[in-house]
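J.: The chain contents come next:
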Amino acid sequence: MADFMLQLLLTFDATLRLATPLILCAMAGIFSERSGIVDISLEGKLLTGAFVAAAITTLTGSPWLGLMAAICASVFMSMIHGFACITHRGDQVVSGLAINILASGLTIIIGIALFKKGGQTPALSSDERFRGIEWFGVNMMDNIPVIGTIYRQLISGHSLLVYAALLAVPLCAFILYRTRFGLRLRAVGEKPESVDSAGVSVAWLRYRALIIGGVFCGIAGAYLSISHGANFVREMSAGKGYIALAAVIFGNWRPIKAFYACLLFGFLDAATSRLQGVDIPLIGEIPIQLMLAIPYIVTVLLLAGFIGRPTPPAAIGVPYEK
Amino acid sequence: MNVTPPLPKWADLVLLPLINLFAAFFVCGLIVLAIGENPFTALNVMIKGAFFYPESLGYTLYYTTNFIFTGLAVATAFHALMFNIGGEGQAYLGGLGAAVVALLFGPNLPMLIVLPLCILSSAAFGALWALIPGYLQAKRGSHIVITTIMFNFLASSLMVWLLAGPLMQQGQQSPQTVLFAESAQLPQMREVLGYFGFELANSPWNLSFFIALIALVVFYILIWKTRLGYEIRAVGKNQEAARYAGINVAKIIIIAMAISGAFAGLMATNEVLGVHNRVILNFTAGYGFTGIAVALMGRNHPIGIFLASLLFGALYQGGAELDFEFTSITREMVVLIQGMIILFSGALAYMFNPSLARLIARISAPKETTDG
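Going down the list, the protein sequences come from chains Z and E.
Convert by adding 277 to the 1-based position in the first sequence; the result is the number in our numbering.
Convert by adding 44 to the 1-based position in the second sequence; the result is the number in our numbering.
Since the hints were made in silico from the structure, they are not lab data.
All figures in this text were calculated on a predicted structure; none of them were measured in a lab.
Be aware that one or more of the hints could be misleading.
Facing chain Z, from chain E, some residues (calculated, C-beta under 7 Å) [to be verified]:
# : residue
1 : L77
2 : L175
3 : V189
4 : T191
5 : S372
6 : Q382
7 : G390
8 : A391
Just a sample of chain Z residues kept apart from chain E, beta carbon distances all over 12 Å, derived [to be verified]:
#  : residue
9  : A380
10 : T384
11 : A480
12 : A548
13 : D556
14 : Y573
Even glycine gets a Cβ: it sits at the ideal position worked out from N, Cα and C.
Throw the hints in and build the complete structure from the sequences for me.
T.: What follows is the structure in structure tokens.
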């Protein structure tokens, strides 16, 4: 039983680690999509962030500089997206796709040019990464049964960026629902004319939403390559940006609900690696591909209105013309 | 207000796409320069690799075949204003369709029966994989873009499971099917042309190229010469007006998506029936996404799609050559070029429109005043 408890705790712990990039990207997606800009480019920004974080950290030895650079690079990608679909009213899906493909090509080309390792970056030493932080009194708490283990395994010991992701959720909810900026942001995604007629710039609001999204994706990328991992590898984002997008939809474009969806998808991911090849009584061996496909299946079902009704922002995908 | 004069048709159809293409290459050239290589040397290597070696043209046309299919897939859906990002998954499923027939009937039936069945089956499987998102969009209001993205991942999961499980070759470790029987293998162009006395260097160029050319013609007739094509375009131009005109919009969307998926599924005739003669993991290799760039550049017209496919075929083959000639730039350069083309010919398609229109208006303006 105690063993089972520990297994479960370790799975939850892995859930949190795997959900971190999803949570950050989902928050990015919420800002962008609530402002009326479809964001399938989460994937590309995540990948860009991961590469730039690893590259700059390798070159300078400082993970903080790596993180800053990742944020800048990701915001730059966001700005391309904005330039195409806000300034030039281009198709938002096409633009997002372009960014994903650009990121995929650029990270490998620049990676090979800089490090000559077939698109990877060299492995970082442990002080060049955001490592787990031991919380105060972990060893002291160890003596308390259950709570001590939970404290050690689940609450303490994560990297700074995991806690940043957890803080990002209430922060986003606060910005969206409790500030004037958030009110306008939501309005611009529902009825941009109303914001425009109030004398507020639709374009500048949407640009700001994309900048915020870029920051979050940059942090998520840095987490992948200089915190969770110790270097950048090709196509490191591996569809996480799309899963985050699925979480945004699953969470009905709301921060807290999307956060739960990220945890759920992260848990599926964590459980998959643990259940691989395990024979479950009565059910047998679950194909891991099925487990991995669940986020996509539920998103399809949800969008089709089979489980609840999603309510996307009304003006999403529509370029604003005065 | 700064009113932009309308762009003349020739400029819109020829000049603007060329300017966008040039802009894409220009930015890529700057990136090559930043890496410390000469972009013109790189371009030279790519052009040589795509056309000048004995086998290069065959390889270029082999890639071209893939892009014609995936480009047509995207274009068909575009005409109904549906954005089908799912070409990748539909092509993957097309491979499954070909494999099912080839593995079931290949050993027992003659080629003249098996091959057409394989081709039809790949189209049918691709169509089915696009029909579901089409149905969900038309009847349940799900967004086609998101659903087709999800279906790409679902196709990938399904195929990994099948190829590593039920369809895996016995006693093998790699996730792939057994080699198809000879009756389910598309003849190579080298053999066919050799029969007529033409000598061709070794390349994967095969008969599916002709299927692709036929598909281009079928696409043209379908979209511009049939009632269905008219209805597809009507739905694409204005759904409300189409509905008023008595067109069943939902039905047309579903049909357009199914045809789109069928074109994507046909890509398997090249990769699966013509080249590998088995289904291997990830044989689609991103060609489905390239189809989006092809359709955007080709303006959803068969001639444009053919030319754009040829360009991308040359880029892919030329890009492979980069690996041999350079240490710092590799075939991923093509991915970058592709991204830039989607950005400039797709998302920023009309960035140069106002300035170009004003320029043309200024040049042609004096004439008009003398006319008046």
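J.: Does each hint hold? Answer for all of them.
T.: Structure-based check of all given hints:
no.	hint	in the structure
1	L77	violated (12 Å)
2	L175	violated (14 Å)
3	V189	holds (5 Å)
4	T191	holds (6 Å)
5	S372	holds (5 Å)
6	Q382	holds (6 Å)
7	G390	holds (4 Å)
8	A391	holds (3 Å)
9	A380	violated (8 Å)
10	T384	violated (9 Å)
11	A480	holds (15 Å)
12	A548	holds (16 Å)
13	D556	holds (16 Å)
14	Y573	violated (4 Å)
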